[in-house]
Each structure stands twice: as C-alpha cells, then as structure tokens.
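Q: Protein chains in written order, with the numbering used here: chain V, 1 to 317; chain L, 318 to 853; chain E, 854 to 1155.
DSS-like, lysine-lysine: derived pairs with alpha carbons at most 27 Å apart: (1) L:LYS674 / L:LYS688; (2) L:LYS484 / L:LYS398; (3) E:LYS1102 / L:LYS688; (4) L:LYS420 / L:LYS398; (5) E:LYS1102 / L:LYS715; (6) L:LYS664 / L:LYS645.
Some but not every residue of chain E turned toward chain L, in silico, with C-beta under 10 Å: (7) TYR918; (8) THR920; (9) SER921; (10) GLU942; (11) LEU943; (12) ARG945; (13) PRO1016; (14) GLY1098; (15) LYS1102.
FYI, nobody ran anything at the bench for these hints, they're computed from the structure. Beta carbons are placed, not taken as given, at the ideal position from N, Cα and C, and that holds for glycine.
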Amino acid sequence: MLLYLVRRVLYAIPIALAVGLVCFMLVQIAPGDPINAIVPADAPQEVVEQVRRDYGLDKPLPIQFGLWISRVVQGDLGRSLATGRPVTADLVSAIGNTLMLALVAAGIGFVMGSILGTIAAVFRGSLLDKAAVGFAAAGVSIPHYWLGMVLVVLFSVTLNWLPAMGAGPGGSGSWAWDWEHVKFLILPAVTLSVIPMGIITRTVRGVVMELLNQDFVTTLRGKGLRRGGIALHVVKNAAPSVLAVMGLQLGYLMGGSILVETVFSWPGTGFLLNSAIFQRDLPVLQGTILVLAIFFVVLNLAVDLIQTALDPRIRRA
Amino acid sequence: MTLSRRALLGATGLAALPSGLILPEAQAQSERVLRYAISMADIPLTAGQPDRGAGAYQFTGHTIYDPLVAWEMDVADRPGKLIPGLATSWEADPADRRRWVLKLREGVTFHDGSAFDADAVIWNLEKVMNAQAPHFDQRQAAQVRPRLPSLAAWKKLDAMTVELTTKAVDSLFPYQLLWFLVSSPAQYEKLGRSWDRFAAEPSGTGPFRLARLVPRERAELVRNAAYWNPKRIPKLDRLVLVCAPDAVTRSNALLSGQVDMIETPALDMVPQLRAAGNRVVENVTPHVWNYHLSMLEGSPWRDLRLRQAANLAINRDEVVQLLGGLAKPATGVVDPASPWFGNPSFKVRHDPDEARKLVRAAGFSPRNPLKTRFLIATGGSGQMLSMPMNEYIQQAWKEIGIEVEFRPVELEVLYTAWRNGAAHESLRDVTANNVAYVTSDPLYALVRFFHSGQVAPTGVNWSHYKDAETDGLIDQAVRSFDPAEQDRLMARVHERVVDQALLVFVVHDTNPHVLGRNVRGYTQAQHWFQDLSTIS
Amino acid sequence: MSTTIASPPAAIAVPQPAPSRSRGYWQGVARRLSRDPVTLFFGAILLLMALAILFAPLLAPHDPYQTSMIRRLRPIWFQDGRYPLGTDELGRDMLTRLLHGGRLSWFLGITPVLIAFAIGGTLGVIAGFAGGWVNMMIMRTTDVFYAFPSVLLAVAISGALGPGISNAMLSLTLVFIPQIIRVAESTTTSVRNLDYVESARASGAGALTIVRVHVLPNVLGPIFVYATSLISVSMILASGLSFLGLGTKPPEPEWGLMLNTLRTAIYTQPFIAMLPGLCIFATSMCFNMVSDGLRSAMDVRA
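Please take these sequences and the hints and turn them into a complete structure.
A: Okay, here's the thing in structure tokens:
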C-alpha cells in the first residue's frame, strides 16, 4: 500500500515536468521569433538583446528549458506583454475565481447528477429513466456557451433576476458569500454544471444499476435489510468510481471554463486566456496553461490516492 | 443616482452587517456612485500615460492626471479648443520660433501632497523621452513618444517656467502637448521607484484619485476635493470603471441595472436600451474609420487606380445602416464641414462600375482577384462594429476583384503594429491597417499621417508615404502662425490626400454612449477626450 | 462532452473481445441495431443533415456571402418564404448560411477524429501488441497529453499557433490522439493475451499476420465506437474555438462563428440568433445517441 502511494507520487513528478515541457514549447511553436513573444513589439533593440541574454534565448533549447523551469519553480512566470505586470500576480486572483466557479458548478452537477442517476437506475426502463438519460445526453451535447447566452436573456434581461456579467458588485477582489455576491455566480455556475451533470448522471446510473444486480445486494435483501440499509451499501460501493469521475470533472471544469467565462465576463483563468490569445500575450498564455495543467495533474493524483484508500482493490500501475 | 449596495456599505461602515439590515435612511447620506462599463479589455495604464488609444484618456488620463495644455471638454455644439491646463500660457519665442516658453500654474499639488513645479515637468519629460533616465518607463514612453514627434529639448527656466524646444518651427506643437500628462515624482520615490507599484497607487494632479484597481476588471476613482479647478471638482463621490469589452455583455449589464452608463452599445440592442428608459447620447466626433494602405515597395496599393477602386466599391450608406444610423459616411479624413476639407477633385462615393473598371485597368478582375491581407481589430474603442463592418466591406471588394483576408487582433496589438509602421517585420504580409483615427486637429488629422518626417516609428505615417509637394504644404503650414493661412494650407493637404486616395475612407463615428435614466451632467465633447468630472 | 466522459485511465473498461469476431457477430450487431428505434431515429436525422449539407449548393436558395444592409436581421419566413429562416446581421440568408456553415462545422468536427483515429489507432495497436519498451514510450508520452484537460489543450495549441482552420484542426487532432491511443492500447493488450493469439504466435505466424488476422478485427470495433463518441465533443470544441475567434475566419459560414456574430441580435431576433447553437446542439446530440446505440449493439463497454 505504502509502496504504491510512493510510486504513484513519484510517477507524478516526471509527468509534471513533461507538462512543463509542453507549455515551454508553446512559445516555440508560436509563429515568429520567440523573443517577440516575450518582449513587446515596440521595445528598443537594447532591451530586446538584454532580455534575450537574460532568458538565455541565445542558448540551446534544453538549457533554455532548464532556465525556464528553474524560474517557474521560484514562481516567476515572466511578465505580461500587454500589461507589464508579473503573470503570477494576475494568475493568483484568476485561479481563485475559476476555482470557485468550478467548485460550485461541480457541486451542482454532482448533486443533480447523483439524484438523476440514482432515480434512473432504481426505476430502470421507466419513463423517468428515459427522461433522465435524455437529459444527461442533452447535457453533454449542448454547446454550453450558447446555453449561457440563452440563460442571460431569460434571467438577466427578461426577468431581471440575476446579473449578466462579472464576479460580484465590487469585482473579484471583494468576494463574500452573501446574496449580493452569490447571485453573480448562479448563471455561470449553472451553465458550467450541465456537462458534469450529464456525465455524473450516466456514471451513477451505470454504477448503481450494476450494484443493484450484484449478488451482495440480493443477499442483503434476502437478509431482510431495509431499503435504507441497502442504499447505504450501494453508496459505499459506488463512491470510489463516482468520486474518480467527479475529481476529473472538476479538473475539466477548471480548464474548460474559458467559453463560459467569456460569455459572462467572469474574471477567471479563461477570461485571462481569452484576452491573452488576442493580445498574443504568450507569457500569460503559457503561465495560465501551465498552472491549470499542473493543477490537473495534482488533482488526478489526489483522486487516485483517495480512490485507493476507499477501495484497496483498485491499484493502478 | 443609482447606489450600489457595496458602496453604501463602505460608506456607512456597515460592511459586517447582513445586507438585509441596512436602513433606508443610510442611503440618503451615502456616497454618490456611478458605474461606467467601458469597452476596454483592461483598465488603461494608470501610471501616467494611458495605453489603449485616445479613447482611454478620459478614463485614466484626464481623471487622475492633467496635461500642460488642456482641451476644452465642456462644449458639445462646436469643436473644443486648446485651454490652459497645468501651464497657464505657452508662447513661441518670436526670435526663435522653435523655443516655446510655458508658464506653469501656481499652487497645484499632487494627490500625495507634493507640489507641482518645473522640476516635476522636466522629470516627467525625462520619464518618457530619455531612455537613459533612471526613472525612464518604457511602457509610458511607448504611448506618448509618438505623440510628441516635434519635441527636441526641454529645460527649466525658473521654478514655475519651462522651455521646450522643437526640432523645427512647428506652430501646431501645442496640440502635441495635449497628450502629455504629469505624474508625481514624490510618489514614485515614496513607492521605492517602481512603476508597477505606482500604477497601483498613482498620484497625479487630476480631479479624481485612484482608490482601487483590479486589473482587467475595474478601477474605482474617488473625488479629489482639493482639485485646483473648482469647475472640474467631481460631482460624484466615486466613479467605478468596469471593463466589459463585449458590447452585448456591456449592454446587458446596463439593461439589468448592473451599471449606470456604457460606452458604445451593441447597436442591435439600441431600441431595447431606449425602451428600457435609457438615453443614447452621441455627437460629431473627429474620427475616421478607415483602412490605411501601405505605400511600401511591393504593396499593390502603390497603384492609384486600386486605391480609388477600393474607395468606390463601398456603399457607405449601407455601412451607416449597419451601424443603426449612429455614424456618418466619410468622404475624407475630416468632415466636409471642417475648414481643412478643401475641395478634392476625387469624389469619395459608391460607384461599383467605375471601381470594377479601375480594377480591370490595373490588371485584376473578380475572376483573377488581387489577393492581400489586412490587419484589423477584433473590436474596441473607436473601432465601432469592427468585425461586421470589415466583413461587409470585404464582400463589397470581392465583387470588384479585390480579395482581402483579415488578420483580426486585439486593439492594443493593432496599435503596436500601427506605431511600428508598415515596414516592420511582423507586418511583412500585411498591406493595410484598420486603426480608426482621431482627427481632432491638423496635427492629428493630417500631419502625423502624411508628412515624410513622420514615417513610423518616429510618428504614425504608417504607410511610409513620401510626397514632396505634401511635405512642402505641411512645412509651410507649421511655420505659419496665422490660423487662416494654416487652415488654407491644411485644406490643400487634405485635397491631395483625398485625390490620391491614400486611405480608404469609410465612416465617421458619432461615439454613442448610453446613459441610465439617473445619469445627469454628461456633456459629450466633439472629441475622444471627455470630462467625467461633470457627471452626477 | 464525452472526452470528459470517457476516461480516467480506469474508466476505460477493457472490452470483452469475443474470440475472433466472425460474420455472425456483425450480423448480430446489425440485428440489434435494427431493433433499436432510438438509435435509428437519431441516425436518420444525422443522415438527413449530412445530405442537406452535402447538397448545400443545390438546396440553398441564396448566395451565402451576398450581404444587404436593407434586409438585415429579418424575421423567419421573411418575404413569404423567400428567406425561410430570415437573415443574419449582414442581411445574408440564414438557411443558406446554416446549410453552408454545416459543411465547415461537420468537417471541423469529423476530420480531427478521423485523423486521430488513424494515427492514435495505429500507435495504440502497436503499443498494445509490441508491449515492452515500445509500449512504455508511447504510453508515457500519451500520459503527458492526458495531463491536460481537453478544452485547455485545444485552446493552448490554437492560441499559440494563432487563429485559423488548419491550426484549430491540428489542435483538436492532438487532443484526440492520446485518448484514442489509450483505448486502442488497452483493447489490443487484452486481445494479445488471449489463447488463440498465443497459439498463433506459437505456430510461427508473423507479427503482421497476427495483427491483421487476429488483432485488428477484434480491436477496430471498440476503437471505432469510441471514436464516434468523440465526434460530438469535437464538434462542440471546434465551434467553441470558432466562437472564441480561433477557428474559422469571417466571412466563412461556420456555426460557432455565426453563433458569436449573431449574439448581438439575441433581442431583436432571438430565434434567428439561436439557430446556429441549435444546429450544433442537434448534431452533437445525434452523434452522441448514435454512438451510444452502436456501443450497446456491439456490446462494447466504455
């Protein structure tokens, strides 16, 4: 067990490094001289040369990568071309906003998905089941940026219940968990939650259905265990795989919220990425992607470890 | 005035209470707040010289800072003129017209309490003009250096007088000073000589102080009650600028009461906005939405016939229609009502047959089209409905045999490319840019684009246009200190520009703003500069 | 999205390959499919859509690029049906734009999956069949790309390369290759260890022959089913990239881009503004349902 844990953690390190390599290469694959991706286009020649030396861009690629990694490890992701501010500073608040949005969306998706999935499994083949399955399929098929627009027209403009954009009346710096702020979160979170909702519904339905058919449930029934007792057993046994899907969904939401953030002007990483792309602000692009990907690696690891702890039968190499 | 609950909480110190407990009486004594959704993706630079173009000066320029020579912003029915700012007078020495003596305003202090004087002016000039100065700031310099192309030297004459020297005699030089804003040297020292920190806690002499900056989201400006000009002491206690680059999002925010005022609404939503009780304010704006064609070796636009054809292919009335009527067809850089319009012999109009004929004469046709690429903005202040307009014009050109591919970029990227000039290596395959131009004065409308001495990166003669006769006319004008003579010469320059079809002229903006029903006191000047201190 | 659906490493269930899938097996699949009205229904819609966009130039009543400011944003059934679905923000016929736009949207959605199917399938089968260090090399590289959420990876690559159709397709292909490799590898590995493959090997058959005769027939089905489930993801991602301005450039009609440019009309002509999104939704839903139906008909668990 312990050996497995250590191995799993150690294995994450080369993955993280390789993820770093991919992010490093983003600047290299961008058209043009990589120096143009680091210094503003109108910088004087002497500044350009200075930066070229500082960043070691005159050295071979592997050495450049080493230099870059060592800077990254110290928390230096370079400076934004567009604003001149350190990338790290902008990222910290953006990540917080995205994480909040993703967590709430994952929460909604998880609760709704679990309920729908369980209902579908218990009433297998019924109309309820079909409705839940259809709903799940719609959830994963709908372009959620479009859904977001529709929700804005409905709830912000027509009904005037919820705000259309932004992260709270005072911007992201002053978040509080009261209605004045939470109402800003509702539309983007609901929009973002339809995908995990669909996926969790499917997963829960599948897992619960399988469990209900298994011998031990039949045995439990035979033993005269009441519904509550059976439910508890089912939950216990379904938890590991549902949890795994959940954890990954959270990661996908973190990385995938770019479209929703654009629609709602939510000041998170997606919004940051979007403006970075159009300003060709590669340091911001690179830094944001790197941090999100590393977050995903860590999340994967955490899911694995928790899953192993819950169900020692699952051991993956 | 609409009150945001947060502002209210802040003002009354009740922040810790649940929102339901706020007493109605508290509203009466709370601060007056206006939330203004602006079209920019980020709050313009707050350290002194704003980035993001002329439209940004009203937000973080003329609010926090003052220029030496200011623009009259409180008139709507005629163009403004130069008025005293931090300088009370400016005079070209009759003995040597290149020497300008500026008397500075007494008794002005920066927000940090330090005094404004000649040393501060010199320090600020060094900040943007002298790359060797210890406090030189590349980012501010990049913004303002191209706006001060004539400035050669500066020196302090006494505590309240400075002398600025131009490279050659230039009667239009005071117009350049409109763009030069003065930030506090004392604050810079206090903050450990860091422009990053200065941008977060800036100090200028302007009517507003920056209270809070959330990059990419909002800036909160509060009233500077000690402002030197009593007429411009803000009526508001707090002005909140909110970034909302997307026109639909911005308009939605006004409709749902999240903001009180917006720049450039989504035009298709104007009827909706009006129906909800909002007011649309617009005015003649010295602006031209155009394509600036490259005149470099290898550019197809060196052929006059193609330049004229590109102009003739566009149905400007339809473009205006696309813009919901909130624009005016452009037949030159400036409006025919301007004293600098003159009487060009090439009439900018919609004549597709003539256009096709010209294209054919140049060796192209719809079957064998001229193929080229333009750099355009995805949107932003002054660019109007950038994408749909470009798309519409693209189609019009396609029909006469000019096939243009667009490379859409964020406006700030377009500005950088524009300042770099058409010859810059990043623009090797680009033959026109689509920056919409401010045309508020002769310098801005004509000189900076068409004089060979202004070739980028010195000025913004982006296309590298060089023409001896045009140069001659401009040189004559800038040496003349007689306004009537100046106007006459400028009109002749403009005639040449139109006759040679140096730009593809499309429309003049009317710069629409939409104000919520509670917003008062907004006077829209005929400029990109606007005074936000009068709003209540 | 089903990338998202499928696949933490453990969630790729290894299909239970029946020993050498024979003609009888495929007949069974066809029989099961023919008794599945839901799949048939969505399949029929897909087929209709495919035909419509394939014959778009013949069916479309107008030129997809012909603008007119006079008739911009006109309602559905404008001019007694001359513009059956109204006009867009530049006065172009919506029906025409949607039909033509479908071509690009489908192309952008399907091509990356097809390329990824070819490349990823090949690499996965090689990894699974060869095992050892070859497997190690391929699979560890795959792990790296797996460490990125798919939307993020697509946006990263497209963002770095810059806007454009080919860049968008390249980035989507790169997103799907690792996912397909994983499925192909696990399926192949499980087949490789089956007795009859072992015995074929023992009888001295060449590697290529074994792959062709014993491995491919058993693994192609599951990989294919998995790939079909990716099409809907790919379409949504592709139009998402266009929506962000990273995919198609105007004036090219494409659903994601149309959705973006029609956003401002959502108050004046809400139905028209919703049409492109509806098209993406419908197509993606159909592909998902058909893929599900195929999966159960082929009895592939994934």
